[in-house]
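Protein chains in written order, with the working numbering: chain A, 788 to 1075; chain B, -11 to 313; chain C, 101 to 422.
Read the hints as simulated data drawn from the structure, not as lab findings.
Predicted, not measured: the structure shown is a model, and the values here were computed from it.
Mixed in with the good hints there might be a few duds.
[To be verified] Straight-line alpha carbon distances no greater than 30 Å define the calculated DSSO-like cross-link-like pairs of lysine-lysine that follow:
{"hint": "1", "chain 1": "C", "residue 1": "Lys174", "chain 2": "A", "residue 2": "Lys901"}
{"hint": "2", "chain 1": "A", "residue 1": "Lys960", "chain 2": "C", "residue 2": "Lys405"}
{"hint": "3", "chain 1": "B", "residue 1": "Lys126", "chain 2": "B", "residue 2": "Lys67"}
{"hint": "4", "chain 1": "B", "residue 1": "Lys(-7)", "chain 2": "B", "residue 2": "Lys224"}
{"hint": "5", "chain 1": "A", "residue 1": "Lys960", "chain 2": "C", "residue 2": "Lys117"}
{"hint": "6", "chain 1": "B", "residue 1": "Lys252", "chain 2": "C", "residue 2": "Lys232"}
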Amino acid sequence: MSDLKVARKGMVKNSNSIWRQPLAIFGIAIVGMWIILAVFAPWIAPYDPYSQEFDKFVPPSAAHWMGTDELNRDVLSRVIYGARISLPYALLLVILSALIGSTIGAISGYFGGKVDSVIMRITDIFFAFPGIILAMAVAAALGPEIRNAVIAVTIVAWPVYARLVRSLILNAKQNDYVTASSLLGSSSLRTLLVDLRPNISGPVFVLAALEVGTALLLLSGLSFLGLGAQPPSAEWGAMVSMGAVNFDRWWVGLFPGLAILTAVLAFNFIGDTLRDALDPRTAKALRD
Amino acid sequence: MTLLKVTDLTVTLATSSGSAQAVRNLSFEIGSGEILGIAGESGSGKTMTALSILGLLPYKGKAEGSIYFDGREILTSSKKEYRNIRGKEIAMIFQDPMTSLHPMLTIQTQLTEHLRHHRKVSKDSARQSALELLSIVKIPDPAAALSAHPNQFSGGMRQRIAIAMALACEPKLLIADEPTTALDVTVQAGILKLLHQLRSERNLSIMVITHDLGVLSSLTDRIMIMYAGSEAESGKTSDLLLHPRHPYTEGLISALPGFAKEGKVLTSIRGVPPELGNFPSGCAFHKRCSYAQASCSSEIPTAIQISDSHRIYCPINPLTENSVR
Amino acid sequence: MNEILTLKDVVIDYTRKGEKVRAVAGVDLTLRSGEILGLVGESGCGKSTLGKAMVGILKPTTGEITFDGEKVKKLTRGQRPKHFRNLQMIFQDPYGSLNPRRKIGVQVIDGLLVGGMKKSLALDEAGELLGKVGLPEDSVDRFPHQFSGGQRQRIAIARALAASATVLIADEPISALDTSSQAQVANLLVNLVQEFEMGMVFISHDLSIVRRISDRVAVMYLGKIVEIGTTDQIWENPSHPYTQALISAIPHADGTSFMPSDLPGDVPNPMNPPSGCRFHPRCPLVLPECSTNEPEFITLSDSRKVSCFLQKDGKPPVSITL
């Protein structure tokens, strides 16, 4: 029975690409939209995001689609420009933490023994702290600045890659092809780089896609608390912070909040679809 | 007396590339106390045949035709009716005994639960029956076995326990899907002996599904060879294995390692069995058949009776009485 | 035909849940170039463990394994010494023995690349070797998932050839394949062994195929070899009760009502082997001394070796009837 490509409930059939899956399309569309907005902000935003020439707390209207905030600035323009801060920093953060975490995880998994124990205990310590608390502590210690917020979140984020890569390597190590490599004369290092790396990059990539959302949230969270992007920066988290203070002026906080929400959701959808595509069983069902 | 009569069974499955027929117009019978072997390579449809008898086809699978069991049509049974048939009148064991056994429950729990589900019996009575079942399948020290878990037994013992469970409600038909394929050869011999005994002592009919001609030769009264969802040849075991009349059967026998007397070279039927949904036209075997003629790719083979009990499905009937052996 | 692989008094222990398990309890074996030695036995006999030790994946607890004059060392983090790269293994699972994410061309020539050959040169070799095992040369650029189980085993064999293997330890190489592929891969192995004068240890539970392709057969039971002889000797006149039991258990596909004989009882737990001869609790011909002493591995007059009190050193084999 195992060689039958039998129908599976829930999968969109007869799609010849993973990218035809509805969630993925939605995710890509949203991310694409934010990227375009970020790149072309100067041309798309109606006003200068830092200009304070308007009236205070204007509700959404024809002139200001998202209203104005407590410092007389156009919210829509600030939301658009916010993409220029949040997205690149979130992506940078993910790349850094993925690289650092993967390397540590690879060393831990491949060499095992004492090295593995020590590294695992360290990652356990990191896991013991709720992400935002640890990030707050580091950011506060380094000083409130967006760059330090990125460092703080990287420190929080790397362990999850380490754990993933370690378990992938522990698994892959047991495969006969790794033994075969050794029998042919390959050293550990060569096996790691040549044989194991291609099997790791896929899942790490998927994890990274899923983690962009978390990174974005943590970064915005720190800015919300005053530990990340500083005024007058048009960063979404910081904007939500002012929106929380001015709760009756609902538009000040809602729109940047929606921006975070859509971006995070979009990355999660992409990540989910990638993960399904990489799982051999669902991938086959998708491909056929 | 005929216990099971399958007529024109066609099983259609939903695959990702559309629907495909796994079994095509299959007809066969099993009498009471008879052991029928169904043989074929992967993709022949033998497992789907078994599953359709029990109403266990996969999602969106459909069976058409007639399955007449113990005097009534069961193909059209409802889910509820099938639940009463399964385990009680028709039981099944699989290649992996852990398909039937729960790894976390004791043997006693599993056997008695099964018994009490189908019959209203007391706990003590069920335990007694469980003990008897275990000794019928020759588990040493049945009392101790009852409080053990499946992982404490070897593969062969687990299969015996699975058989015990299958026999619990005294079914009339036992379907065994590759029951010994995963077992060592001496353990296999024990299971074959047990199945033989069960047939003689209880008049149990058995449908054995396997590709192993040795197992078929030892165990079965009759054999049906399947290829690409249809029957290729069927007949008494001795007739079929000593005087095969279908080119496929001949090929299978010649491919046995023990067949040729000299040299180290093993022969096999050229090519590979076709995949579901991709069966060749006409006689599905024609592409691999050394006797094939032009008509074989367009003519759908019909039955040719070699004798009362022996028939083949072949458009040209190229083999004679004395070929192969 | 020289002796290219020798095992002397090999014992392999491992620990499971804190307890010591003796998987191999003292094995003497030799393999000559150009010969196929079948290693058979049922589950738990230790043949796979022995195979892994032969190639260096496991280290024997005591005893010595010698390959072409040198003592086989266990695989380490560093590069396996050049000399031992001629000792290769074919694995059972065709889906695990190739890296799914690398093209098969580079996998086949890994041995050459490690040895310093330039990639372009090595890839030419890959094409040739793949042709030798019956695959099209353009397979070089394809990935494992594009091939069937039987084809993948051929690729694994090509990989061993690239390493100029002189000894192949084949651990159930065809068990996971369908019947037609089994025949094809078995034939390929036989041809290559002949062509390159390799020695091959063919570990399998399929006695019929072992009988067909092996020159000599070693029968294992619970960590020990009970009998070694030529294939004909083993099959036509077994000198150990277990060997006879094994052969009588093989079904005959001849349409007669031959019922294979079963062997009552279960294989004992290797953590707690029986005293004396390990087979004695299940042996139909058991003698009183079998439960107290272990029979020595003796050589009979027809050169085969067996460990059973029914046989006498240097004498012709006594017929075993169960």
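Hint-by-hint comparison with the structure:
1. For the proposed pair Lys174(C) and Lys901(A), the alpha carbon gap of about 21 Å is at most 30 Å, so the pair holds.
2. Between Lys960(A) and Lys405(C) the CA atoms are separated by roughly 39 Å; this puts the pair beyond 30 Å, and the hint is violated.
3. About 34 Å separates the Cα atoms of Lys126(B) and Lys67(B), which puts this hinted pair outside 30 Å; it is violated.
4. Straight-line distance between C-alpha atoms of Lys(-7)(B) and Lys224(B) comes to about 17 Å, which keeps the hinted pair within the 30 Å bound.
5. Using a Cα cut-off of 30 Å, the hinted pair Lys960(A) and Lys117(C) holds, with the two alpha carbons roughly 22 Å apart.
6. With a C-alpha separation of about 19 Å, the suggested pair Lys252(B) and Lys232(C) falls inside the 30 Å cut-off, and the hint holds.
Checked against the numbered hints given earlier, this structure breaks hints 2, 3; the rest are met.
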